[in-house]
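Student: Now for the letters of each chain:
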Amino acid sequence: MRFSFTDEQQQFRDFVRKFMEANSATTEVRRLMQTDDGYDKAVWQNLASSLGLAGLHIPEQYGGQGFGPVEVGIALEEMGRTLLCAPYLGSSVLATTAILQAGSESDKEKLLPDLANGERLAALALAEPKGLWGSSGIEMIATPDQGRFLLNGVKSFVLDGLVADLIVVAARLPNSSGDEGISCFIVRSDAPGLDKRLLSTIDETRKLSILTFTQVEAEPLGEIGGAAEALQQTLNLSCIALASEMVGGAQKLFENAIDYAKLRVQFGRTIGSFQAIKHKCADLLLDVELAKSAAYYAAEAAADGAHDLRAIASLAKACASDTYLRVAAATIQIHGGIGFTWENDTHLYFKRAKSSEVLLDGPECHRENLIQHWGQLQ
Amino acid sequence: MRFSFTDEQQQFRDFVRKFMEANSATTEVRRLMQTDDGYDKAVWQNLASSLGLAGLHIPEQYGGQGFGPVEVGIALEEMGRTLLCAPYLGSSVLATTAILQAGSESDKEKLLPDLANGERLAALALAEPKGLWGSSGIEMIATPDQGRFLLNGVKSFVLDGLVADLIVVAARLPNSSGDEGISCFIVRSDAPGLDKRLLSTIDETRKLSILTFTQVEAEPLGEIGGAAEALQQTLNLSCIALASEMVGGAQKLFENAIDYAKLRVQFGRTIGSFQAIKHKCADLLLDVELAKSAAYYAAEAAADGAHDLRAIASLAKACASDTYLRVAAATIQIHGGIGFTWENDTHLYFKRAKSSEVLLDGPECHRENLIQHWGQLQ
Amino acid sequence: MSEENSVRDEVRQWLSENWDPDMPLVQWRNMLADSGWGVPGWPKQWYGRNLPVALVNAVQEEILNAGAVGVAQSGVRMLAAATLLEHATDFLKQKFLRRILTGEDNWCQLFSEPGSGSDLAGLTTRADLQGDNWNINGQKVWTTSAHHAQYGLLLTRTDWDVSKHQGLSYFVIEIGQVGVEVRPLRQMNGHASFNEVFMTDAVVPKDMLVGKLNQGWAVAMTTLANERRGADGLRQFSSGDAGEGSIFKELEAENKTAMEPYKWYPQRAGRADWMLERAKATGAIEDPVARQEIARALILHKSSQWMARRAREAQLLGRPQGPEGSLGKLASSNVARAAAHVHTLISGADSMLSKEDGPVNGLIAEILISVPAVSIAGGTDEIQRNIISERVLGLPKEPRTDTDRPFRDVPRNITS
Amino acid sequence: MSEENSVRDEVRQWLSENWDPDMPLVQWRNMLADSGWGVPGWPKQWYGRNLPVALVNAVQEEILNAGAVGVAQSGVRMLAAATLLEHATDFLKQKFLRRILTGEDNWCQLFSEPGSGSDLAGLTTRADLQGDNWNINGQKVWTTSAHHAQYGLLLTRTDWDVSKHQGLSYFVIEIGQVGVEVRPLRQMNGHASFNEVFMTDAVVPKDMLVGKLNQGWAVAMTTLANERRGADGLRQFSSGDAGEGSIFKELEAENKTAMEPYKWYPQRAGRADWMLERAKATGAIEDPVARQEIARALILHKSSQWMARRAREAQLLGRPQGPEGSLGKLASSNVARAAAHVHTLISGADSMLSKEDGPVNGLIAEILISVPAVSIAGGTDEIQRNIISERVLGLPKEPRTDTDRPFRDVPRNITS
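Residue numbers (our numbering), protein chains in the order written: chain Y, 1 to 378; chain G, 379 to 756; chain C, 757 to 1172; chain U, 1173 to 1588.
Looking at chain Y on its own, in the form it has when it is part of the complex (with noise of 0.2 Å):
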C-alpha cells in the first residue's frame, strides 16, 4: 500500500488546481449556483475533453484515460478547493462509475464514449424521497413488459439529474426484497412519463432534483435483477471520491481561515496571536490531516482493490465529512461577524458541507457500516 503520491500525480495535481483556480473563482461560483443548470458549457467542454477529466477512469478502449480512484480522488479533491460547479460528481462519478460496474460489455461501447469526453452527461437515479442510498432504499418498481421494462416511483436527491441526457436508474424487480431483483435501467432524459423537478437545497452549488416516473419505458443496464453489489461498489468509490471533493474543500477553507486570523486585528494584536485562535487552528489543522489520510489511503485501497473497501469508504466518508464541518463551523467563528455574511464566502463552502455531510448517506449510516464491514485493516 502506498502512502504517498507519484511524481506523475503530483504534477496532475498541478495541473488540476492551476485549472480550477482559473475557471472556478468564488465569483464564478455564485453565478453559476443562481442558474438552473449550475454549470458553465465551455468550462465544461474544457474539463471534459481537453483536459481529459470526464473520462478519467474510464478504460482507454471505451475512449477513456485509464486512470484509476487516485487520481479520480485528486481530481474532486482539488475541484472541493473551488467548490467547482459543474456535472462531474454526478456524471463522471456517479453515473460512469455505475454504467463501468454494472453495465455489460456492449453497454459499456455503447454509453461510456460519449460519456468520455463529455458530449453527454448521465445522471444516477438511485435514493427515493425517503434519502436512502443502500439497496434497502430502492422501491421503485421495474415491471417487465415484452422485453422491455417499464418504471414507476419517485427517484429524489438525483445529482445534476436536469442536465443528464440519460438515466442510470436503480429498481427493483415486482415482489422482490433487500439485494434481490435489484436492477440498473437506462432511461432517456425526454422519455415520455418522467417529469423531473429542480429541488430546493442549502447548497446552491449543487444541482439536485426529483425525478417521477411514470409508465417510463426503460432499458436493462446488465443482467437484471444482480445489480446491487455493482451498486453498492459503485457506492464505494463513489463516498471515496465525495470523501476526496469534501477534504480539498476543508483544506482550501482552512487556508483562509489561517489567512483572516493573520490579517485580522483586534485588542491590538493580529487575532492569530491569540490562543484561542492558535490552539483552535492547530486542532482543524489535525483534523484536516487525519481526513486527508483517510481518504488517500481509501483512494490507495480502491485501486489495490482492497476486499474490505466497503468499510474503507464508509470510514473515509464519515471523517470527511465531520472534519469538513468542524472546519466550516470554526472558519466562520474565526472570522466573527463578517463570516456570517452573505458576501463572505465561507458560507459557501459551510453549506457545501452541509449537503456533502448527508449526500450518499450520513455519517452515522457510515460508521455504522464501517463497524459491520470490518476486515482486518493494515
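FYI, nobody ran anything at the bench for these hints, they're computed from the structure. Quick reminder that beta carbons are idealized off the backbone N, C-alpha and C, glycines included. Be aware that one or more of the hints could be misleading.
[Stated by the list, open to error] To give an idea of the chain U side of the interface with chain C (calculated C-beta under 8 Å), a few residues:
1. Ala1230
2. Pro1460
3. Val1461
4. Gln1464
5. Thr1573
Could you slot chains G, C and U onto chain Y? The hints should help.
Tutor: Below, chains G, C and U without anything else, positioned relative to chain Y:
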C-alpha cells in the same frame, strides 16, 4: 418548582460542610481507602447520630429527621466535595430508600430506627455480575420454602456490602421475567450460605463487594412479587443523590484547578493568564453549573413527587457523570505532570468520577431512559 | 408581602378606572407614563415609582392579568432608556424618555464597526467638534432596525492621543439626516436583519452628548450590561398580544415591525424545543443512536433553562448573583450547536432541502444555516470565555499591548 | 537501487562471516561498532558508514533477516548518542559512544524540574564553577530509569543575569555519586516508572560540558528533536527478540530492564487495538450506540496511523515533511481519550474493577487511569498546539514577558 434553596437549607449546607472539612481531609481519605471497612467508626457515629444524617430522609415516626430529597442532595453534595469515606450512599441512601419504598409498615418500624441512628448498617444487593441495576438485570431466584424464601445466585457491585449488618436483596420468583415476580428480601450479614468478598476497584474510596448466595434463608421485605416499582423509585432517588455527590466533587475539584492555575507560573506568567487555560476553565464552570442545575432540579422534582422522575433522575445522573469526568480529566491536564502523581489529590477525584460514571448504570443507559420516560418538563 | 398586596391593589384599582382597549395607543401609554405604573422601577421624577424589582414584577403581573397594554418595550429603546436614565442630562431625558415609553420614537445602537467587533474600544468612527456641532465620519455595522429608527446610540472617538478607552464619547444621533446612509446587510441565511450605517460629515449638536466628553466607554458599558441582562436564554419572542379593541390593532402593527428582524432568532437558537416532536414525526425516535444524540442535546437544553431559572430566582430574592448568571450566552451556543446536529441527524438527506422542499417548510434548513451566528452575535464565545474567566473566576488578564499607549499608535485594521 | 543491492550484499556477506548467536553480547556489539554496520548512518570516524536513511533501513532489514542482534537501542541512550555526535568534544565521544552502542552504559535525561515543566527554559538547577569542577544544586523530575543509569544528560543554569535561554549549559553527569539522590515517583496508576533526582553539591568535571558554555539550549533542542522523531505513534514495544543462542538470553535480560518503566505505555495509549475484540467478547458489539462510539474511535485510530505512515514515507522519499509529521503526538492524545471512553462503554460496570477482578486481568482499569498521562508526558497538548500553530501554521507568537529581561527578574515558582 423552587430554583433556590431556603435559608434553612443554606444553613444546613454550611453545617454539613464544616463537619466534612473537619472530618474528611484528604489525608483521612487516603488513610481510610487503604482499609477494608473504608470508614472511621467514630466519625460515622458523629455523622449518623449527633448530626442525624443517617436518618435524614427517614420519617420521624421511624426515628429519622423527616427531611426529603433536597436535604439528602445537599448532604451528598458536601460529602462529595471531600470524598467522604463512609457507608452513607450504600446504607443511608440505597438500602434505606429501598426499605422506605418496598417495606411494609412493620418492616419499617422494625428496620429503620437502627439505621436512622446509625447503630446498624444496611446494603442493597441489586446488580449482579452483569452489572445492570434495572429489574431486567435481576436473575437471582427466590424459591418459596415453607413461608420463608431461599436465595441462590450472585450479587455484585454491592456498595458497603462487607460492613452491612443486613442486606436488602432484590430477587425474582421462579419462572418470572421483566418486572414480574421482582421481590425484596432481608438477609442478615451472618446468614449461613452467604459468602462475601471485597472487590478490587479503581476507586478505593468506595467499597464494593460480591456476595454469593447458596440456599440462603431470607425474610420478605414488603409485598412478594411486586417490588419492581419500589426498586425503580429507589434507583431514581439514589441516582439523584449520586448526581449530587458527583456535582459536589466536580465543584471542589474545579476550585482546586482554579487555585492551581492562579498559583502556577510558567513562561513568567501564572498559567491561569493563558487563554488555553482560561477558556478551558470557563467551559468547565459552565459544565459544573449545568450539572448543578440538573441535580438541584431533580431533587426538587423528587420532593414534589414529579410523575416523570425516572427521566429527570436519569438526566441528572448522565449530566453529572459526564461533567465530573470532564472536570477530573481537565484538572489533571491543568496540573500537568504533578496532576498525574499519587501524591496529588486529583486522582482520588478522577477515580471517584470513573466509579460514579458506571455505578447505578452508565450515561448511555440513562440517556436512553431519559428519552424512553420523558414527559413534558417545564 | 403586605406591601406587595397593597401595591397590587393600588394598580388594580388604577387599571379598573383607566384601562380602555379602544383608547389610542400613544394616549394610553402617556397615561401609563404619567401614573408611574408603566415603568414602576424608574425614578419618581421620570415616569416611575422607584419600586424594587420584586414589586415591579407584581405590577407587571397585574397589568398582564388585566389584559392591558404596557409601555413600548421592543427593540433597542429600553437600552436607550436605561442608558439615558443613568448618564444623560435632564434636557435629553426630557426630550426622549416619554417618547420611548409611548413608542413614538424608534432607536438603534451604533457601536460595532467592521474594524472593531470583539474589540469595541478599538473603534475608529471619529467625532470632531466644529462650532456647536460634532462632525461624524465612519462606518457602523450589525445595526438592527436602523432603517426605521429616528435616533441612534452612537459611540465615537473624540481623542486619539490617549489610550483607547479614554478617548471615546457617546452621543445621540438623528438618523434621518443627509450625512447618514443606512444599507441592509445580507447574511448567509438570506435574511437581511442588520444594517450597515455610513456616516459622512453627519451632524450631532453639542447637547446630544451623553455623559462626559471622552468618558463614553462607561456609558457604553451601561448599555451593554442592560443588553446582557436581556439575554438569559428565557426571552420569549412576542407574536403580538391578542385582545379585543382598537388599541391591539395598533400594538400588533408595532410588534410586527419590531419583531421583523428577529423572526429567524428561534432558528438561530437551534430549536431544541422541536427535537422530540421532529424525531417522532420522522420515526428517528426509533433509532437508538438518534435517541442518544437527542438525549445529549436535551440534557444541555433543559439544564441551561434550569440554570437560567436559578439565576433569575436568585435575582428576584435579591441574593448575590452566582456564576450561573454570566453563563447563559455561552450555554445557548452549546445548545444551539447540539440541536442543529440533532436536527440534521433526524432529517437525514432532507436536511439538505430548503424552502418549500425542506422539512417544516424550510425552517429546518434555516436552523442549520442560522446557528453559526449564535456563537458570534452579541459577543463571540471566545469573548464570553474571557469575561467569565476574568470576572467570575478571577483569572488574570493577558498582558495587553493595546491599552498602554495612545490609540494613535495601536496597530489596527485597515478599514476600506 | 543497484547501490542498495550492493550494500545489502556487503552486509549479508559480513553477517555470514561474523554473526554468532553464542558470542557474548558486548563482544558482538563491539564488532558491529568496529564494522560500521551497527549504526551505518553515523559518521565513518564514529562507528558508522555515513549512509543515507534509505540505505540505513536496508542494512537494518538485512540484520533483521539474518536474525542477528543489533546495537543497544533502548532507553535514552540513542538520544544521548545523537546529542553527543552533534555537539560533544571528541574526548566525550571517545569516552561514551562505543559503550552506548554495546549497552554497557545506561543513560537518563535530567531536563524537567518541578518548577519548570512546559517552560523547560525556566529551569533553576544551578551549576557553579569551583576550580576545575561544576558544583550542581537542584531537583529534576520525570526521569526515566535514573535508578539504573550510569550517566545523565543534565541541563542547568550557569548565568542568571542574561535572558532565560542564554544562561543554560548542558553537561554529562555521573549518577553514581554522593551528591546525587534518586527517588522513585509514584503515579496515579500505581506504577513508579519515573524518578525524582536531587542534586546537592553534585560534582561535574569541566570536560563534561557538552557544547559551549551558556549555549546549552541549542544542545537540548537536539536531544528533544530526536525524542520527538521517536514518537510518531508507530513505535513498537519490544518484548525481547526471540532466537537460539546464549546472546539472546543476555538480550532478553537487557530488554526486560529497559522496558520495565514502559510496560504501562500501551495502556496509556488507550489500547484502541483492543476495542473490537473486547466489544465482541462482551457482546457490546450488538449495541448500535456502542458501535457508533467504537467507529468514532476507530476512525481516529486508523487515520492517525495512516497519517503517521504518510509522514514516514515522505521522510523515506526525502520529500519535504508536511504538517502531518508534527501532529502525531496530538493525534495520539485524541485516540487515547476516545479509546478509553470506548473501553468504559464496552466494559460497563466492570470498568470500575481492577487487578484480578477487572476485565483483561485489570488492564482495562489500567487504561482508564493511565490515559490522562498521554496528553501531558513529553509536552502537553497545549504546548503541542503552540508548536503546531507557530512552526507549522506560521501564526505569530504571543507577546512574551519572560524573554525580554535577565532571568533573575522573571517571575517563577517558589520550589519547595
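Student: Are the hints correct? Go through all of them and say.
Tutor: Going down the list of hints, with the structure as the test:
1. Ala1230: 49 Å, violated
2. Pro1460: The hint holds - U/Pro1460 has a Cβ within 8 Å of chain C, the shortest such distance being about 5 Å.
3. Val1461: 5 Å, holds
4. Gln1464: 5 Å, holds
5. Thr1573: Holds, about 5 Å.
In summary, the structure is inconsistent with hint 1 from the numbered list given earlier, while agreeing with all the others.
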